[in-house]
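Colleague: Sequence:
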Amino acid sequence: MNEQIHKVNGMLETFLENNADARKEQVDGEQGFNLYYIMSVTERKVIYQQITDPYFRYSKTQFGQHIQSIGEECPPDQLLLRLCKGQTVLIYDDRVYTIKKSLKYATRSVSTPQVEASIVGPLEAFVESMAINLNLIRKHYQNPDLRVVKFEVGTTSHVSGYLLYDNELADKTFVDNELAQIKKLTIPNAQAVSKVQQHLPKRRSLLFPRSVVTERPDRTSQALSKGKCVYLIETSPFASIAPISFHDFMASMDDSYMLPVYSYFLLVLRYFALLATVILPGAYVAFTAFNPEVFRVQLALSIAGSRAGLPYPAFLEVTFMLVMMELLVEASLRVPKTIGPAATTVGGLILGEAASQANLVSDIMIIVVSAVAIANFVIPINPMSQTVRVLKYLLLFMGTVAGFFGLTIGFVLLVGYVFTLHNSNYSLVQSFKASVSLSTKSASAGRQSS
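In this text, residue positions in the sequence shown follow UniProt numbering: the first is 1, and each later residue adds one.
Don't take each hint at face value.
Claimed, not checked - Cβ-Cβ distance ranges computed for the label pairs, FRET-style:
1. Glu168 / Val412: 36 to 46 Å
2. Asn291 / Pro260: 22 to 32 Å
3. Leu301 / Asn189: 57 to 67 Å
4. Thr173 / Glu3: 45 to 55 Å
5. Ala354 / Leu206: 13 to 23 Å
6. Gln26 / Gln49: 12 to 22 Å
Treat the hints as calculated values from the structure; they're not laboratory data. Keep in mind that this is a model prediction, so the values were computed, not measured. Glycine included, C-beta positions come from ideal geometry on N, C-alpha and C.
With the sequences and hints as input, model every part of the structure.
Modeller: Listed below in structure tokens is the structure:
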């Protein structure tokens, strides 16, 4: 036994002492070989079929050739990392091999989308297995120009990731920039594709997401047909798409399967919901506290009558109800499934009715907050919906400080900020006509690929 093999054995023995699920097997004594593996992430049956059984059936020369065909020699500094990734370490004939075929990870089967509901599209969603996710993408996008580039993220977790793009449609400069940024990542623990996107140097943004996160293979296929790049992470049941335009946040994948007239109608409805969510709270304060003359006399008197007897100004009234609404939304997301959503629904009804009877808020305020809550859920992409939940407070503050004038200034500044956002050389705000026409073209491509 040479010095390097002795050093490797010592390193592996130390690893065995510190990990209760690690195992060592010695086959055929000193003249045979040693196996090291972690039984929680290794398929024991595969080890027997691929290594132990062939050893007793093949000659020494044949077995050596067999091992070289199913494994590869591993440098000592990579040994423990590969062992933790589920590979089997084989020490045979004074050489160290790692066998990938023995890898075993627990995963769930393909299920229906949980975040992006599918009404008329395929009822498939990504899972936490990279092999299954790549299988779904290749089923929906059977194109020989598809390229899959592997990378590793996480200085401590060492999670595998993949960058997918169409070699004929994707911008080569953008792809090269993405690969260069990935190599610069120093994130310690990468368990979600959205976290990786947030740490890319040219993808960081204070308010707006710079990539679309999806769990649907058909949306991923559509993105590839548009020349976009797709990110996958081994432990994440989501894919990330870049570069994107603002229109991508407002378009649902099911729009591609519906009649164009209905798709346009839903798109306009979502933009209206976006404006209502952002503007309504600030507009209520601005018009009731600063500019009531904007309303017709009957409506102004109705609002004034509903607010008669309220002890707080309009700003505190709106803030109180919005905070209560945010708490109800978070509670509905975190509540155990055994309790169900009925508890938060009943709680919201009781809270609104009690607040109105106690003269803490007006009836019209409850209508406004309810409209804001409903409109916010119309936005199909969850990261954009979360952004809008924050933006309404900024315009609420501007409307409180300077009334309708402040609300207008805040909205103009917000739109101007959106126009300054870029992904590399791609603006977040593209022509509405161009974005919609591109979605219409990709609809037929999505049907063909799926």
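Colleague: Take the hints in turn and mark each one as holding or not.
Modeller: To see whether the hints hold, each was checked on the structure:
Distance hint check for Glu168 and Val412: the Cβ-Cβ separation is about 41 Å, which falls inside the suggested range of 36 to 46 Å. The hinted range of 22 to 32 Å is not satisfied by Asn291 and Pro260, whose Cβ atoms lie roughly 40 Å apart. Against the hinted window of 57 to 67 Å, the Cβ-Cβ separation of Leu301 and Asn189 comes to about 59 Å, which satisfies the hint. For the pair Thr173 and Glu3, the beta carbons lie near 49 Å from each other, so the given range of 45 to 55 Å is met.
Separation of Ala354 from Leu206 is about 37 Å and departs from the stated range, judged on CB atoms against 13 to 23 Å. Evaluation of the 12 to 22 Å hint for Gln26 and Gln49 yields a pass: the beta carbon distance comes to about 19 Å.
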